[in-house]
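J.: Take the given structure of chain B and dock chain S to it, following the hints.
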Amino acid sequence: MSDVKEIAEIPSFTVKLSIRRFDPEKSEEASWQEYEVEMHATDRVLDALHKIKWEQDGSLTFRRSCAHGVCGSDAVRINGRNRLACKTLIKDLDINSTITVEPIKGLPVEKDLIVDMNPFYQAYKDINPFLVANDKPEKERLQSPEDRARYDDTTKCILCAACTTSCPVFWTDGQYFGPAAIVNAHRFIFDSRDEEADVRLDILNDKEGVWRCRTTFNCTEACPRGIEVTKAIAEVKQAILRGRP
Amino acid sequence: MTKVHHHEFDVVIVGAGGAGMRAAIEAGPHARTAVITKLFPTRSHTGAAQGGMAAALANVEEDSWEWHTFDTVKGGDYLVDQDAAEILAKESVQAVIDLENMGLPFNRTPDGKIDQRRFGGHTRDHGKAPVRRSCYAADRTGHMILQTLYQTCVKLGIEFFNEFYVLDMIMTEVDGQEVPAAVVAYDLATGEIHIVRGKSIVYATGGFGKIFKTTSNAHTLTGDGIGIIWRKGLPLEDMEFYQFHPTGLAGLGILLSEAARGEGGILRNASGERFMERYAPTIKDLAPRDMVARAMANEVREGRGAGPNKDYVLLDLTHLEPAVIDAKLPDITEFARTYLGVEPYTEPVPVFPTAHYAMGGIPTNIKAEVLRDNDTVVPGLYAAGECACVSVHGANRLGTNSLLDINVFGKRAGMYAVEYAKTAKLPPLPDNAEAGVIALLDKVRNSKGDEKVAVLRKELQDTMDANAQVYRTEESLNEALNKISELRARYEKISIQDHGQRFNTDLLEAVELGFLLDLAEVLAYASRERRESRGGHFREDYLERNDDKFMVHSMLYREGEPTGEIGAGIRVDWKPVVITNYQPMERKY
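Heads up: the sequence lines are chains B and S, in that order. Here the first sequence is numbered in this note's numbering, starting from 1 and rising by one per residue. Here the second sequence is numbered in this note's numbering, starting from 1 and rising by one per residue.
Chain B with its partners taken away, still in its complex shape (with noise of 0.2 Å):
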């Protein structure tokens, strides 16, 4: 066995944030306001929101739950890129300049980080979001291993958003579906058990559908999840022009 890392002296030192702030019941405009707060290289930027919040100023507000990735609340923009907050270690920044922390982009600001979901997941339940197979086996269907890999990528989306507001064509025209949305058809159109892979071909053959796309790579490179969205956006392109998946 090799070496084990030593985890348990780690330097701490003192980080400045500066933070997107609004509350429509106290302002009309948004600003942006620093903290200064001492930190270890190993917390998570959630940790640094906790801390301002827990010991400084309570009214700062933002979304978390599970605080390791996998629940997708805490989507947020930090130095301009796309990103959870508790899966973003301090250490990974660079801290010798202020750390800017603010809510995505192209939804609507409802207070500080929290930023209204709603346009985000009608997107998504406008896709069809469940399986369509009319058998009724009395055990599971089956699916060959091969066919299983075939959608496993796009299985793995939380629904944080961090892909669709980072796309440019989404900011500009939020009647977009968006990197999600086609990532959550494309786990369907290419699942070997669906059978309404034509109807969701078509939904995104809209001219809000999949050929909005401009293939800038910024929803592949924000997804906390390692998915490749573009490629998946790109394979429903393909199936449309195939006419099946």
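Hints are not guaranteed to be accurate.
As the list claims (entries may be wrong) - Label pairs and their calculated CB-CB ranges:
| # | chain 1 | residue 1 | chain 2 | residue 2 | range |
| --- | --- | --- | --- | --- | --- |
| 1 | S | 304 | B | 31 | 53 to 61 Å |
| 2 | B | 198 | S | 157 | 44 to 52 Å |
| 3 | S | 445 | B | 14 | 27 to 35 Å |
It should be emphasised that the hints constitute simulated quantities derived from the structure, not laboratory data. Every residue, glycine too, gets a C-beta built ideally from N, C-alpha and C.
T.: Relative to chain B, chain S alone:
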């Protein structure tokens, strides 16, 4: 004046994790159904479950529901109600097939069936050898269950109230019996109150791991649902039994699935010894969680821990093929890389037990009906999942039995809630139903002391980790109870900073702390009263299991407001264990 909204449904489900949504899928097509959740459904903590869901499908080797029942009973150190365990094991096969039919992407065998793997405590033929019983989707089975159940709810058009915090339940008398009439919820977005009436009310609110510092649980797992039941004067069962999962990332508590050991991972101490060979010679690293967690804590105590402070042990996956790790354990190995900077292909991962799962909770029968004492049902009130105690987990839950539990008993809760709602009338709503919640919120809003919620919460978590964790004594539990009394007094002097109406999470964290204090106190009190060691409850001053005295469930009752005296206002009673086939035996693996 706070605005109050009214809603009426047949079935009202509180919580949108696996149990709540499984209940909704059963209820939705037959009754007007609402699901109220403090999160968005796909953010519930079911999604963090990793390893799998047990079912004796026998897809890859011989297996039977009887073996599964036996393992569940033995794993729970014989405190399992065996009629409930039989249902869990028998209905597991259909529960997995239901999920597959809904679209769940299970891993497959070469011939296309659902693949299965080994997990702790699951054995063939009554303990002879590990058996492959866990149905799985990589190491994100919980994520897939949560997504699939939500997708099915979307398909069925289930109505959700997202980011609504249920803070109270209104009881009323119908035909001489106390029944639930409504729940009262706080809408995070607006700060307004919603009274949601229902003929049947189902609790599926999950656990309360945030009473501990080191935990695999989400920040939002503050036990509000169980806390409401407790404050209504209804009992809680077996609260002393709390599971500490062996493999949390050291120092962080983030869960690394038992699947890592199911796939061949080995626990080692500082000298590289496979120490589980000493504690469980037959199934070694795949012994039940309580035994492995204690063994790990013991290695550290006796100076064989790894690392600069010798305060953790090592999970060794380095002998596994990277391709196997990538295919079957991708997420947890990424956790090790992200949060500890450790590469599991080549380095062992530092791990230590983390507070994980409440075996106890709201007492129910096998129809998921909530009990007000050892036998009497509260008509129209149901509970399922981690918040409930059926009891299929007894003194220690086996891995993969919780994802099974939420599906089997979530389905049952939905089914029986509909059956009841078909003939029941909507109970009358008492006047001023919102008064309790408004008073609760106003008290926090108007409190002007200099205590901070985060400080009190941290002190609570510290004392629970120090005094009510893997090892417990009369002294440590009294210390925890003393500390909780002190914290209760200080809780009266908190103040919050956010006085706004919209998205006031500052206010809600304060309310949640109130529930955490209640549940921590019940847990510590029940732990003190059970003067024996059984399953996940280990008393250093009572090392042996004592079947003569304690082969019974504890039933905790709230008898009045806490006074500051230790345990004042709590009464413990006992409830017989249902035994069908398996008499208690010594538990060896």
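J.: Against this structure, judge whether each hint is valid.
T.: Evaluation of the provided hints:
1. S:304 x B:31: 53 to 61 Å: 55 Å, holds
2. B:198 x S:157: 44 to 52 Å: Given a distance of about 23 Å, which is not inside 44 to 52 Å, the answer is violated.
3. S:445 x B:14: 27 to 35 Å: 33 Å, holds
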